[in-house]
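In the order they appear, the protein sequences are chains A and B. Numbering-wise, this note's numbering puts 245 at position 8 of the first sequence, and it's gapless, one number per residue. Numbering-wise, this note's numbering puts 8 at position 3 of the second sequence, and it's gapless, one number per residue.
Please note that the accuracy of each hint is not assured.
Unchecked claim - Computed list of lysine-lysine pairs in DSS-like fashion (alpha-carbon distance at most 25 Å, straight line):
{"no.": "1", "chain 1": "B", "residue 1": "Lys8", "chain 2": "B", "residue 2": "Lys72"}
{"no.": "2", "chain 1": "B", "residue 1": "Lys8", "chain 2": "A", "residue 2": "Lys246"}
{"no.": "3", "chain 1": "A", "residue 1": "Lys246", "chain 2": "B", "residue 2": "Lys72"}
{"no.": "4", "chain 1": "B", "residue 1": "Lys73", "chain 2": "B", "residue 2": "Lys62"}
{"no.": "5", "chain 1": "A", "residue 1": "Lys246", "chain 2": "B", "residue 2": "Lys42"}
{"no.": "6", "chain 1": "A", "residue 1": "Lys246", "chain 2": "B", "residue 2": "Lys46"}
{"no.": "7", "chain 1": "B", "residue 1": "Lys62", "chain 2": "A", "residue 2": "Lys246"}
{"no.": "8", "chain 1": "B", "residue 1": "Lys62", "chain 2": "A", "residue 2": "Lys332"}
{"no.": "9", "chain 1": "B", "residue 1": "Lys42", "chain 2": "B", "residue 2": "Lys72"}
{"no.": "10", "chain 1": "B", "residue 1": "Lys46", "chain 2": "A", "residue 2": "Lys332"}
{"no.": "11", "chain 1": "B", "residue 1": "Lys73", "chain 2": "A", "residue 2": "Lys246"}
{"no.": "12", "chain 1": "B", "residue 1": "Lys8", "chain 2": "A", "residue 2": "Lys332"}
{"no.": "13", "chain 1": "B", "residue 1": "Lys72", "chain 2": "B", "residue 2": "Lys62"}
Said to hold, decoys possible - Over the 10 Å line for every Cβ pair with chain B, so calculated as not near, a few chain A residues:
{"no.": "14", "residue": "Ser270"}
{"no.": "15", "residue": "Glu309"}
{"no.": "16", "residue": "Leu316"}
{"no.": "17", "residue": "Ala338"}
If you are wondering where the hints come from, they were derived from the structure by calculation, not from laboratory data. All values reported here derive from a predicted model rather than from experimental measurement. For each residue, glycine too, the CB sits at the ideal point set by N, CA and C.
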Amino acid sequence: NAGVTQTPKFQVLKTGQSMTLQCAQDMNHEYMSWYRQDPGMGLRLIHYSVGAGITDQGEVPNGYNVSRSTTEDFPLRLLSAAPSQTSVYFCASRKAGNTEAFFGQGTRLTVV
Amino acid sequence: EDKVVQSPLSLVVHEGDTVTLNCSYEVTNFRSLLWYKQEKKAPTFLFMLTSSGIEKKSGRLSSILDKKELFSILNITATQTGDSAVYLCGLFGNEKLTFGTGTRLTIIP
Chain A
238 NAGVTQTPKF QVLKTGQSMT LQCAQDMNHE YMSWYRQDPG MGLRLIHYSV
288 GAGITDQGEV PNGYNVSRST TEDFPLRLLS AAPSQTSVYF CASRKAGNTE
338 AFFGQGTRLT VV
Chain B
6 EDKVVQSPLS LVVHEGDTVT LNCSYEVTNF RSLLWYKQEK KAPTFLFMLT
56 SSGIEKKSGR LSSILDKKEL FSILNITATQ TGDSAVYLCG LFGNEKLTFG
106 TGTRLTIIP
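So that you can see chain A by itself, here it is in the shape it has in the complex:
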């Protein structure tokens, strides 16, 4: 079972570059979310989606875009990377209703 798959695992970007973090799940989950984790800050919600074609902003959305064209995929785009976006990014998915969330293994992003 693949579960939630994130790619890449590691990435180094230069300030101003753009890139897309990929997230895919094979569990037919309606809900998908992106979080960033910084030291001492827990998991902060960036964007989330309750189904294909529907996305909404979380706590820290600035500098990030998302789209949800299929149930399986929820890519996170950094339009112009900044050093403040250096972080570990986690994608999570869960079934609709009161269910647990499943996490990907994370992407460690460094912006220099």
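Since the structure of chain A is already known, use the hints to place chain B on it.
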């Protein structure tokens, strides 16, 4: 806005001790409260709580929810070095899953 506050931020105890981790919350549309354990990588699920006063238990770990006072606790008895981790409390409400800052637990052999 939904809010989750965990305490303490960090805790260092000796192997065999019992610990209690706290999670208080504010939400306008409560659905459930979840506990996760995070070691090196992705958080792993421990418990989901939806009703007050009903203890969830798994081995040496247990958790309970108080919806009147808006808090939950996670207890770990007879701690082991493998319990060293960050413990995250998550609140599911208003279609979002919001987490606290976590409690970093360190167990000294």
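Which of the stated hints cannot be reconciled with the structure, identified by number in ascending sequence? 2, 3, 7, 11, 14, 17
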